[in-house]
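There are 2 protein chains.
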Amino acid sequence: MTTLVIGANGQIGRQFCELAKAAGEPIKAMVRSEEQRAWFEERGIDTVVADLEGELRHAFEGCDQVLFTAGSGPHTGPDKTLMIDLYGAIRAADLASELGLSRYLMVSAMRAEDPLSAPEKLRPYTAAKFAADAHLRHSRVPHVILKPGRLTDEAATRKVATSLEETGGENTVSRANVAHALLHLVQARTLVDCEFDLLDGEREIAEALS
Amino acid sequence: MTTLVIGANGQIGRQFCELAKAAGEPIKAMVRSEEQRAWFEERGIDTVVADLEGELRHAFEGCDQVLFTAGSGPHTGPDKTLMIDLYGAIRAADLASELGLSRYLMVSAMRAEDPLSAPEKLRPYTAAKFAADAHLRHSRVPHVILKPGRLTDEAATRKVATSLEETGGENTVSRANVAHALLHLVQARTLVDCEFDLLDGEREIAEALS
Numbered sequence: 001m002t003t004l005v006i007g008a009n010g011q012i013g014r015q016f017c018e019l020a021k022a023a024g025e026p027i028k029a030m031v032r033s034e035e036q037r038a039w040f041e042e043r044g045i046d047t048v049v050a051d052l053e054g055e056l057r058h059a060f061e062g063c064d065q066v067l068f069t070a071g072s073g074p075h076t077g078p079d080k081t082l083m084i085d086l087y088g089a090i091r092a093a094d095l096a097s098e099l100g101l102s103r104y105l106m107v108s109a110m111r112a113e114d115p116l117s118a119p120e121k122l123r124p125y126t127a128a129k130f131a132a133d134a135h136l137r138h139s140r141v142p143h144v145i146l147k148p149g150r151l152t153d154e155a156a157t158r159k160v161a162t163s164l165e166e167t168g169g170e171n172t173v174s175r176a177n178v179a180h181a182l183l184h185l186v187q188a189r190t191l192v193d194c195e196f197d198l199l200d201g202e203r204e205i206a207e208a209l210s
Numbered sequence: 001m002t003t004l005v006i007g008a009n010g011q012i013g014r015q016f017c018e019l020a021k022a023a024g025e026p027i028k029a030m031v032r033s034e035e036q037r038a039w040f041e042e043r044g045i046d047t048v049v050a051d052l053e054g055e056l057r058h059a060f061e062g063c064d065q066v067l068f069t070a071g072s073g074p075h076t077g078p079d080k081t082l083m084i085d086l087y088g089a090i091r092a093a094d095l096a097s098e099l100g101l102s103r104y105l106m107v108s109a110m111r112a113e114d115p116l117s118a119p120e121k122l123r124p125y126t127a128a129k130f131a132a133d134a135h136l137r138h139s140r141v142p143h144v145i146l147k148p149g150r151l152t153d154e155a156a157t158r159k160v161a162t163s164l165e166e167t168g169g170e171n172t173v174s175r176a177n178v179a180h181a182l183l184h185l186v187q188a189r190t191l192v193d194c195e196f197d198l199l200d201g202e203r204e205i206a207e208a209l210s
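These protein sequences, in sequence, are chains A and B. For the first sequence, full-length UniProt numbering begins at 1 and goes up steadily by one. For the second sequence, full-length UniProt numbering begins at 1 and goes up steadily by one.
Worth flagging that the hints you see were computed from the coordinates, not collected in a lab. Errors might be hidden in some of the hints.
Repeated chains share a single entry, so a pair holds when one copy, or any two copies, can fit it.
Cross-link-like lysine to aspartate or glutamate pairs, in silico, EDC-like; alpha carbons within 16 Å at most [what the hints assert, rightly or not]:
no.	residue 1	residue 2
1	Lys-121	Glu-53
2	Lys-121	Asp-79
3	Lys-80	Glu-120
4	Lys-21	Glu-42
5	Lys-159	Glu-202
6	Lys-21	Asp-46
7	Lys-80	Glu-61
8	Lys-159	Glu-204
9	Lys-80	Glu-53
10	Lys-121	Glu-195
11	Lys-121	Asp-153
12	Lys-159	Asp-193
Computed from a prediction, not measured in an experiment: that's the story for all the values here.
Model the full structure from these sequences, guided by the hints.
Printed below as a string of structure tokens:
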């Protein structure tokens with residue numbers, strides 16, 4: 001019961017991997033290069049070198065679910081948005097479906113269900129997330145889609161909300177809280193085919209994401 | 001039996017609209033602004049002003065099929081690729097499905113079924129076409145996907161090929177030949193759920209695309 005972590009070397013990815021390791025949750029961190037491996041090996045976290053824009057299939061070996069947290073948000077440049085957030089997510093979903101994985105956990109973005117409602121600068125990124133999410137829903141693999149609000153570097157509170165109504169319009173969530181939410185989702189294996197917005201809030205993660 | 005032409009003001013779109021008008025094929029040219037209307041009105045072609053990134057639904061009124069030829073290839077910049085080639089195509093497919101249109105004709109691109117096989121510079125664009133095509137296939141609307149090779153401004157020969165084997169590796173096709181191929185497809189109303197590569201070649205269009 002091992003989770004392949006795609007995007008392990010990202011800001012959310014690293015925090016998630018540390019939490020999973022501490023919790024004894026089996027993961028395999030997918031990294032792009034041998035150089036990226038060291039950080040994970042120092043922490044006793046299994047790794048596999050693979051490429052979202054190249055050889056990918058071997059990374060899935062021995063894994064029964066996948067967590068997609070690659071792509072670093074709307075500011076990496078739209079070429080990378082197309083190759084990683086869109087096409088990388090699609091390739092991973094098609095492989096997960098073909099290989100019969102039990103679940104695909106997607107880190108998407110708030111408003112991804114309606115990109116034209118996002119601020120104009122964020123629309124191209126949000127459109128990529130819309131299309132990747134839609135492809136996942138059309139695939140045969142059971143899935144959970146997590147849609148964080150605007151990401152911050154605040155410390156973990158482990159208290160969250162799942163709607164703007166609940167927060168009075170406050171639209172931020174810390175990467176640390178996202179990482180905790182992902183650990184919950186990875187372990188809540190009976191949770192499938194559902195979607196959650198995620199914001200900093202007042203509720204326990206396990207209660208909010210159920 | 002009217003075809004909504006999305007991307008009518010593009011290089012292929014304008015040529016297609018002139019051919020359709022000459023053939024007496026009923027079309028409605030969708031344009032972005034009142035200014036773009038004049039060219040079509042001078043030629044007696046019906047138009048509708050709508051926005052692939054905004055109000056779109058009204059454009060479908062009175063149309064029973066849609067031709068998507070918006071987006072001017074891989075050189076418009078990846079932000080526009082995300083908003084037009086990807087998300088615009090997806091919005092149009094979702095509307096066509098919801099409104100029960102009889103067909104959706106998509107102008108895609110050669111290699112769109114395998115973006116990583118495209119030259120590196122073209123991969124982000126090709127990935128957008130992959131995702132838009134996949135979304136269309138997953139939709140409930142009957143469709144035809146046309147995948148031209150590298151576009152040129154040569155004159156129409158009305159002779160085409162549908163594989164690189166057939167052309168000895170020559171990968172170009174004139175926009176004029178694409179426009180003729182689209183007129184054939186628009187009129188071949190029993191043709192559904194199929195896909196063709198398109199190159200300049202030696203065969204009659206009606207024979208090659210059947």
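Original post:
What label fits Lys-121 with Asp-153 when the C-alpha limit is 16 Å: within, between, both, or neither?
Top reply: Close neither inside one copy (21 Å) nor across copies (34 Å); limit 16 Å.
**OP:** Please work out whether the CA atoms of Lys-21 and Asp-46 approach to 16 Å or closer within one copy, between two copies, in both situations, or in neither?
**Re:** Answer is within; shortest intra-copy Cα gap is 10 Å, inter-copy 63 Å.
Subject >> Same-copy or cross-copy closeness of Lys-159 to Asp-193 [CA-CA at most 16 Å] >> reply: Neither. Shortest intra-copy (23 Å) and inter-copy (48 Å) distances fail the 16 Å Cα cut-off.
Original post:
Given identical chains, is Lys-80 near Glu-120, meaning Cα to Cα at most 16 Å, within a copy, between copies, both, or neither?
Top reply: Only across copies: Lys-80 and Glu-120 sit 12 Å apart there, 18 Å inside one copy, limit 16 Å.
**OP:** Could you figure out if Lys-21 and Glu-42 sit no more than 16 Å apart (CA to CA) within one copy, between two copies, both or neither?
**Re:** Classified as within; 12 Å inside a copy, 69 Å across copies.
Original post:
Can you tell me if Lys-159 and Glu-202 fall within 16 Å by alpha carbon in one copy, between copies, both or neither?
Top reply: So Lys-159 and Glu-202 pass the 16 Å test inside one copy only (5 Å; across, 67 Å).
Subject >> Intra- versus inter-copy proximity for Glu-195 and Lys-121 (alpha-carbon distance at most 16 Å) >> reply: Cα proximity of Lys-121 and Glu-195: none, with 24 Å in one copy and 34 Å across.
Subject >> Intra- versus inter-copy proximity for Asp-79 and Lys-121 (alpha-carbon distance at most 16 Å) >> reply: both (15 Å within a copy, 9 Å between copies)
Original post:
Is it within, between, both or neither when you check Lys-80 against Glu-61 at 16 Å Cα-Cα?
Top reply: The answer is neither: 26 Å in one copy and 37 Å across copies each exceed 16 Å.
Original post:
Which holds for Lys-121 with Glu-53 at a C-alpha limit of 16 Å: within a copy, between copies, both or neither?
Top reply: Intra 25 Å, inter 13 Å, cutoff 16 Å: inter-copy only.
Original post:
From the Cα coordinates, with 16 Å as the cut-off, is the pair Lys-159 and Glu-204 best called within, between, both, or neither?
Top reply: Result: close within a single copy only, 5 Å intra versus 66 Å inter.
**OP:** With 16 Å as the alpha-carbon cut-off, assign the pair Lys-80 and Glu-53 to within, between, both or neither.
**Re:** within (10 Å within a copy, 21 Å between copies)
Violated hints, listed in ascending order, are 7, 10, 11, 12; each of the other numbered hints is respected by the structure.
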